[in-house]
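*Asks:* This is what each chain is made of:
Protein chains: 2
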Amino acid sequence: MSFIATPQTMHFPEVLPLQSGASLRDYHLAFETYGTLNPDASNAVLVCHALNASHHVAGVYEGQDKSEGWWDNMIGPGKPVDTDKFFVIGVNNLGSCFGSTGPMHPHPDTGEVYGADFPVVTVEDWVNAQARLLDRLGITQLAAVLGGSLGGMQALSWTLQYPERVRHAVVVASAPNLTAENIAFNEVARRAIVTDPDFHGGHFYRHGVIPKRGLRIARMIGHITYLSDDVMNEKFGRSLRAPTLPEGAGPARGGPAPDLRDYLYSTQDIEFQIESYLRYQGDKFSEYFDANTYLLITRALDYFDPARGHGGDLTQALARATAKFLLVSFTTDWRFSPRRSREIVKALLDNRRHVSYAEIDAPHGHDAFLLDDARYMSVMRSYFDSIAKEFA
Amino acid sequence: MSFIATPQTMHFPEVLPLQSGASLRDYHLAFETYGTLNPDASNAVLVCHALNASHHVAGVYEGQDKSEGWWDNMIGPGKPVDTDKFFVIGVNNLGSCFGSTGPMHPHPDTGEVYGADFPVVTVEDWVNAQARLLDRLGITQLAAVLGGSLGGMQALSWTLQYPERVRHAVVVASAPNLTAENIAFNEVARRAIVTDPDFHGGHFYRHGVIPKRGLRIARMIGHITYLSDDVMNEKFGRSLRAPTLPEGAGPARGGPAPDLRDYLYSTQDIEFQIESYLRYQGDKFSEYFDANTYLLITRALDYFDPARGHGGDLTQALARATAKFLLVSFTTDWRFSPRRSREIVKALLDNRRHVSYAEIDAPHGHDAFLLDDARYMSVMRSYFDSIAKEFA
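Chains as they are written, first to last, in UniProt numbering: chain A, 1 to 392; chain B, 1 to 392.
Among these hints, one or two may not hold up.
What the hints assert, rightly or not - Which bits of chain B does chain A cover? Going by a derived footprint, with three or more residues having C-beta under 8 Å, they are:
1) 56–69
2) 228–234
3) 267–278
4) 316–325
5) 358–366
To be verified - Derived DSBU-like pairs (lysine-lysine); straight-line CA-CA distance at most 30 Å:
6) B:Lys284 / B:Lys66
7) A:Lys212 / A:Lys389
8) A:Lys346 / B:Lys235
9) A:Lys212 / B:Lys284
10) B:Lys212 / A:Lys284
11) A:Lys235 / B:Lys284
12) A:Lys389 / A:Lys79
13) B:Lys212 / A:Lys212
14) B:Lys79 / B:Lys389
15) A:Lys284 / A:Lys66
16) B:Lys389 / B:Lys346
Simulated from the structure, these hints should not be mistaken for laboratory data.
No residue lacks a Cβ here, since even glycine has one placed at the ideal position from N, Cα and C.
Please work from the sequences and hints to get the whole structure.
*Replies:* Below, the structure written as structure tokens:
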């Protein structure tokens with residue numbers, strides 16, 4: 001049983017200029033904190049989230065047993081990021097659909113729901129908004145900023161946008177930018193959403209519908225890229241879905257195993273277990289995730305590219321970072337492969353920065369960063385233990 | 001300039017029993033032949049096609065300069081499969097949309113277009129239909145059966161269904177079955193098509209519409225899996241699409257290169273060249289490919305699994321093959337990786353069969369089997385030269 005987490009909200013009446021030239025004002029950020037801030041505010045750890053996550057990083061909500069935060073195995077009392085030592089902040093990003101101001105909220109000028117008019121936000125914009133939240137919380141400098149995947153991009157960007165405010169950056173299963181293939185998968189997902197007739201140019205709220213077809217396809221594509229080929233073969237392989245039993249029948253006994261039954265010979269019925277799994281994941285996702293948020297977050301991923309302003313030279317781009325770094329990657333992650341983490345490591349070493357790097361031999365693909373792997377957890381624990389010693 | 005090819009059609013009034021238990025009758029097969037059949041019919045080569053191809057394997061159509069067959073670089077006079085020596089047959093599979101009987105043709109009983117009622121066809125069914133075509137052409141035994149990808153599965157199946165009718169099987173960029181990840185990509189593509197409101201349960205012809213949205217998504221997903229990550233990065237990388245010039249403007253001169261322009265900061269406009277490429281491929285495909293055919297062909301891929309009837313033991317499954325084999329795979333093919341070809345090689349060697357295997361170090365991913373790679377072409381040429389010596 002985990003500890004009780006309590007979501008909070010902070011209102012920001014002032015204008016936040018965005019990278020695109022647009023701006024947001026009168027926005028809210030949803031956040032949670034765990035642990036106690038030191039008197040000198042030296043033990044703060046900011047956790048940045050990836051695509052399908054939020055400020056609810058750890059703990060459970062009162063009276064909701066199964067509401068563990070998305071990184072509850074990593075963060076909490078006695079866990080690798082130990083909230084008996086650290087004051088941990090989880091913050092939901094602008095444009096999300098989990099609490100902070102996003103496309104389903106009203107524009108403060110018109111009172112109309114933003115929908116597709118919500119401005120495009122970037123990793124840099126999110127970091128700027130997070131910095132203002134820290135200002136309000138009285139935190140000048142972070143002991144560490146931590147994130148996986150898109151969250152890792154935010155952690156990296158913190159060290160470039162606010163070098164003096166970050167002592168350590170922990171960048172897990174991330175990349176210095178997306179490859180063409182990464183962008184391609186995002187684009188297919190976006191096209192599936194945008195061409196769903198229920199999308200209505202992003203103003204589907206007005207029509208009382210949701211582009212569920214598109215969201216399902218987007219999520220199914222995402223899921224394939226989160227898992228490794230090996231883990232998919234191990235979990236699902238070519239196993240057929242068990243045949244549906246007649247109503248009232250008890251559990252099948254003595255009959256042929258599902259894999260020995262004949263094919264259904266159908267193009268639309270579910271034949272293989274992997275199909276059943278993907279359809280289920282897609283359906284579930286389409287019930288709670290906002291279509292405009294999906295577009296915004298995948299675009300923030302596409303756009304992140306700190307080397308772009310330096311003629312593509314990542315070493316030059318990272319020269320301004322002064323934090324110490326831990327980078328972690330997973331061997332079977334083909335979405336953000338170890339090669340991409342090594343690019344960051346190399347650029348930091350070229351700048352003679354203090355870098356630790358762990359390449360974890362894990363079978364789970366990109367999803368590994370959310371799972372319990374003993375070596376991974378141990379690397380994280382010892383790194384955060386060493387940070388804790390700096391302010392103990 | 002290639003030679004002139006002439007498509008032909010053969011009518012089969014008799015019933016073809018299918019693996020599913022259903023059957024087809026009164027069907028047509030579209031085919032082409034190149035070269036001349038020996039008096040003893042010993043020089044015939046059957047070419048089996050993959051997802052998006054047809055009986056038009058080589059040559060051009062009269063008066064249509066740009067109508068080269070899909071394997072015109074491989075097959076023709078003086079080419080690796082030399083039509084001065086071989087009598088080559090290309091045949092379009094049942095269920096296709098390129099000439100043979102398929103979902104857009106009328107059911108012989110009712111006169112109604114099949115649509116979604118076209119029976120599910122398997123690799124084994126296609127091979128049976130091809131065998132009947134060869135009967136009509138007076139060909140008892142093939143010098144070789146040849147195919148890439150799904151075509152390679154047909155070539156492999158020939159050696160199991162009609163071992164005595166095949167002297168050589170050439171299986172390129174193929175696999176003994178699909179992995180869970182392969183099935184997953186097929187399933188997402190099918191869901192995109194089936195959930196397109198214009199699909200109308202597969203009877204869209206009656207409604208005068210085409211499920212183009214779904215076909216576009218299906219093709220975009222396919223394209224990503226045909227290319228290697230490396231070749232995508234090389235061809236497209238993170239390059240931005242050149243800005244659209246005002247109408248009447250000449251070619252841009254002296255302005256900033258497209259990659260130096262600012263982002264558009266849009267979730268729906270085309271920002272990156274890879275997006276432009278994928279949308280173009282998707283649009284083009286949706287103009288000519290039939291949605292029901294897409295479902296049928298991806299399902300035939302999913303179902304192929306010769307080891308299934310042998311408790312998953314591929315060695316046992318291939319024991320009945322007596323042909324000599326050439327297998328070819330490409331290092332960067334992540335759709336049908338070299339590992340999958342090696343499974344076939346191993347199972348054949350376990351059975352002490354005659355096998356040659358070439359693993360070509362090519363950057364182009366799965367698409368490599370259609371491209372001109374000097375080492376690949378040279379392997380094919382020398383293998384077919386050696387076959388030709390057997391009947392010369």
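*Asks:* Holds or violated: Lys212 (chain A) with Lys284 (chain B), Cα cutoff 30 Å?
*Replies:* Since the Cα atoms of Lys212 (chain A) and Lys284 (chain B) sit roughly 26 Å apart, the hinted pair holds (cutoff 30 Å).
*Asks:* Need the status of pair Lys235 (chain A), Lys284 (chain B): alpha-carbon distance at most 30 Å?
*Replies:* violated, 36 Å
*Asks:* When you check the alpha-carbon spacing of Lys284 (chain B) and Lys66 (chain B), does it fall within 30 Å?
*Replies:* holds, 16 Å
*Asks:* For the pair supplied as a hint, Lys346 (chain A) and Lys235 (chain B), is the alpha-carbon distance within the 30 Å limit?
*Replies:* Holds, at about 25 Å.
*Asks:* Is the Cα-Cα distance between Lys212 (chain B) and Lys284 (chain A) 30 Å or less?
*Replies:* holds, 26 Å
*Asks:* For a C-alpha distance cap of 30 Å, please report whether Lys284 (chain A) and Lys66 (chain A) respect it.
*Replies:* Satisfied, since the Cα-Cα distance of roughly 16 Å is no more than 30 Å.
*Asks:* Check whether the Cα positions of Lys212 (chain A) and Lys389 (chain A) lie no farther apart than 30 Å.
*Replies:* With Cα atoms ~49 Å apart, Lys212 (chain A) and Lys389 (chain A) exceed 30 Å; violated.
*Asks:* Within 30 Å, alpha carbon to alpha carbon, are Lys79 (chain B) and Lys389 (chain B)?
*Replies:* holds, 16 Å
*Asks:* Just to make sure I understand the rule, a stretch counts as covered if three or more of its residues have a C-beta closer than 8 Å to a C-beta of the chain. Does the stretch 228–234 of chain B meet that for chain A?
*Replies:* As far as the stretch 228–234 of chain B goes, the hint holds, because 3 residues have Cβ atoms under 8 Å from chain A.
*Asks:* Between Lys389 (chain A) and Lys79 (chain A), does the CA-CA distance stay at or below 30 Å?
*Replies:* Roughly 16 Å between the alpha carbons, so the hint for Lys389 (chain A) and Lys79 (chain A) holds.
*Asks:* How does the coverage statement for the stretch 56–69 of chain B fare against chain A, requiring three or more residues with Cβ below 8 Å from a Cβ of that chain?
*Replies:* violated (count 0)
*Asks:* Given the hinted pair Lys389 (chain B) and Lys346 (chain B), is their alpha-carbon gap at most 30 Å?
*Replies:* holds, 27 Å
Hints 1, 4, 5, 7, 11, counting from the list given before, are not met by this structure.
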